[in-house]
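Student: Listed below are the residues making up each chain.
There are 2 protein chains.
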Amino acid sequence: MDQALEARQVDVAGYVRELGVAARAAARILARADTDTKNAALRAMAAEIRSHVAQLLEANRADVEHAQAQGRDAAFVDRLTLNERSIEQMAAGLEQVAGLPDPIGAISERRRRPTGIEVGRMRVPLGVIGIIYESRPNVTADAAGLCIKAGNACILRGGSEALHSNQAIAACVRAGLKAAGLPETAVQVVETADRAAVGALITMTEYVDIIVPRGGKSLIERLMRESRIPMIKHLDGVCHVYVDDRADLEMAVRIADNAKTQRYGTCNTMETLLVAAAIAPAFLPRIAEIFRSKSVEMRGDEATQRLVPDAKHATEADYATEWLAPVVSIRVVEGLDAAMDHIERYGSKHTDAIVTNDEARAQRFLREVDSASVMVNTSTRFADGFEYGLGAEIGISNDKLHARGPVGLEGLTSQKYIVLGHGEVRG
Amino acid sequence: MDQALEARQVDVAGYVRELGVAARAAARILARADTDTKNAALRAMAAEIRSHVAQLLEANRADVEHAQAQGRDAAFVDRLTLNERSIEQMAAGLEQVAGLPDPIGAISERRRRPTGIEVGRMRVPLGVIGIIYESRPNVTADAAGLCIKAGNACILRGGSEALHSNQAIAACVRAGLKAAGLPETAVQVVETADRAAVGALITMTEYVDIIVPRGGKSLIERLMRESRIPMIKHLDGVCHVYVDDRADLEMAVRIADNAKTQRYGTCNTMETLLVAAAIAPAFLPRIAEIFRSKSVEMRGDEATQRLVPDAKHATEADYATEWLAPVVSIRVVEGLDAAMDHIERYGSKHTDAIVTNDEARAQRFLREVDSASVMVNTSTRFADGFEYGLGAEIGISNDKLHARGPVGLEGLTSQKYIVLGHGEVRG
Chain X
1 MDQALEARQV DVAGYVRELG VAARAAARIL ARADTDTKNA ALRAMAAEIR
51 SHVAQLLEAN RADVEHAQAQ GRDAAFVDRL TLNERSIEQM AAGLEQVAGL
101 PDPIGAISER RRRPTGIEVG RMRVPLGVIG IIYESRPNVT ADAAGLCIKA
151 GNACILRGGS EALHSNQAIA ACVRAGLKAA GLPETAVQVV ETADRAAVGA
201 LITMTEYVDI IVPRGGKSLI ERLMRESRIP MIKHLDGVCH VYVDDRADLE
251 MAVRIADNAK TQRYGTCNTM ETLLVAAAIA PAFLPRIAEI FRSKSVEMRG
301 DEATQRLVPD AKHATEADYA TEWLAPVVSI RVVEGLDAAM DHIERYGSKH
351 TDAIVTNDEA RAQRFLREVD SASVMVNTST RFADGFEYGL GAEIGISNDK
401 LHARGPVGLE GLTSQKYIVL GHGEVRG
Chain G
428 MDQALEARQV DVAGYVRELG VAARAAARIL ARADTDTKNA ALRAMAAEIR
478 SHVAQLLEAN RADVEHAQAQ GRDAAFVDRL TLNERSIEQM AAGLEQVAGL
528 PDPIGAISER RRRPTGIEVG RMRVPLGVIG IIYESRPNVT ADAAGLCIKA
578 GNACILRGGS EALHSNQAIA ACVRAGLKAA GLPETAVQVV ETADRAAVGA
628 LITMTEYVDI IVPRGGKSLI ERLMRESRIP MIKHLDGVCH VYVDDRADLE
678 MAVRIADNAK TQRYGTCNTM ETLLVAAAIA PAFLPRIAEI FRSKSVEMRG
728 DEATQRLVPD AKHATEADYA TEWLAPVVSI RVVEGLDAAM DHIERYGSKH
778 TDAIVTNDEA RAQRFLREVD SASVMVNTST RFADGFEYGL GAEIGISNDK
828 LHARGPVGLE GLTSQKYIVL GHGEVRG
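First to last, the protein sequences are chains X and G. My numbering puts the first residue of the first sequence at 1, with every later residue one more than the last. My numbering puts the first residue of the second sequence at 428, with every later residue one more than the last.
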């Protein structure tokens, strides 16, 4: 770290403000950059990353050794570690974003009004995006690529444990911007481990338009309390599958199995299985056998325990828990209304699915369950930007405003009104 | 005020929470109400209002007399006062909203993915909307109508000076809801003058999904500091007209006149006139003559003062001021870039217009000016939900997320993902 930067740390807020001023200026240039220029920058970033594999690995090794010396656990070190494959994935990801359609400038809903004016909506960048993430260094490249493609500047604040890795990746990103003639300040990394930098970033309303946090629940909770800037975020993924009594039994078993066991640690993994009483005797023993064979701990209500004797007793708190682990909460419910009541009470508005062959019930579930993704006859694991065809994903939102569900490039943009007149005035 | 309510005021937060619980329950019913039922409720509300003109006038008289006794100024009393015409406008407004298309349930962007799942987006209500407004009682009916049509429940917190009027209007609204078989708790009025009720409403994140403030700058500033719930709001309307040197002179005069003088007190009124140096000698004396004849005070830079000798000197602060009065700030700028720099620095991202016959400059202005409404060759006064064809307006937003510019029914809704499967699971 250079001396000038050390001196500036005396005033972390001032340092972060400098980043904000530079980002705002860069954002104005990015907003009018054409598609070819942005794509050239993304491809140049990818080339820089591929030609700096050794340097990236070396920088990462310093972070990894430091983390190990500090006694960080294996999962943490695993998230932090780069290898040749994950570096190639970063480069390929940037090229993939270059290949996506450019959302900026598209005009929709254009119409002529009785007064003669023409009114439409133009898709424009949000401006400056603050990304706050934990130890995964690949977010540096992934997030920068999406922000640039959508015409935004960004300020990246990764975990302090990944600072060397992030700086090395950011150097490649800046070189790519420069090669395409775009300002290097379009992507800036907060180069101080001082946590006050986060506090400054999330309250700098005049220079940052939106915050995208990527990390665990404690990070998100802190930001929710302290941020004065809107966020694209989700706190919890307490996802449900409701097996209706008119479900296809084979399909229900397949979906419940996949939703729980395909991956345990993801936010779209099923955490609670709701089963209609009429189908429970046929369904629960079968899915329990699968869960048992995969060492998934089952916690159920009394009705569940009667059918699955090795299920533990589920508490109120269990039903509100995002396990992110081989544990599943189970509850036998009377039917659709009870299932929706349960989801309303314990869910996190993330992703919920019904398995049923009854079209009317499917329609009610789709319309009435107030979650970002609502599904019929498929696995909650599909709630994902790539699976939805967005091409890429900056995160998943379970808020109701702006972007809801998996957020791709469009979520990093806004629509403004444009009005084309011919001298009309208001009477 | 009844005794039970008085007792509850001991715990204002608890009282507001009760409203929140009831609103959340009502919102689930409203979300699945069909279009005919919602329209029937709106029309029944209008009929109730028309058959209770005498009662509404009487309730309003109590508020008006109280305000006068407290020495409130004429403008305040004017905003507070209902008459037969404004009451009829409330009723007609509700019927007009009944005639608008129902946004709820529409599915867009439906597509089949390679995995077999079909992904689409369904438009759904936001849930519970908190409206915080000042003395105008008509907002009670207008806001309730828009919320109901978009399938939401709402909690209305009007100015304490209008409490009797608001309660009388709310009684008509509830009667209309009841007549259509909808829960009366879909529209609730906060029946306490205690300002702590506002503090409770804007922090009750589990029961309120969005806050819509309607009022002056001090109200909005307070809510921005304290609200934990997203808002649809604008703080300032510092709107600009830039007269380019390639403008049609007659058109520029007509637009600048209309943008400033058609109404002085509205947020889309021009507050600053920017003039390209090359056209200033031809343009400024002509518009100055009109402003002079309408007693509009002019404040300009030195270049302006040379052409308009009676213009006062404009300070930095003047350029950042929303006059809402017959005052206009004027500045001579070198050209398009300087005009956009000025707007970026002093503007409020509300509404800005360019007058030019140069297509390339118009396109740059449209794309690069980062405001909710950007206009070419027309008056900023057109920035309005009715003029844009939205049918009605809950407010104007100059935030970039969710709704931007005039906000109609669509701004009171959200889009969630729906996924239709046939037993697909993720591999």
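Don't read these hints as lab results, they were simulated from the structure. None of these values were measured; they are calculated from a predicted model. Misleading hints may appear alongside valid ones.
Stated by the list, open to error - Covered stretches of chain G (in silico footprint by chain X; criterion: 3 or more residues with CB under 8 Å from a CB of chain X, positions within the stretch not fixed):
1. 548-554
2. 823-830
3. 834-843
Glycine included, C-beta positions come from ideal geometry on N, C-alpha and C.
Student: Taking the hints in turn, state whether each one holds.
Tutor: Comparing the hints with the structure gives:
no.	hint	in the structure
1	548-554	holds (count 4)
2	823-830	holds (count 4)
3	834-843	holds (count 3)
This entry satisfies every hint, going by the numbered hints stated previously.
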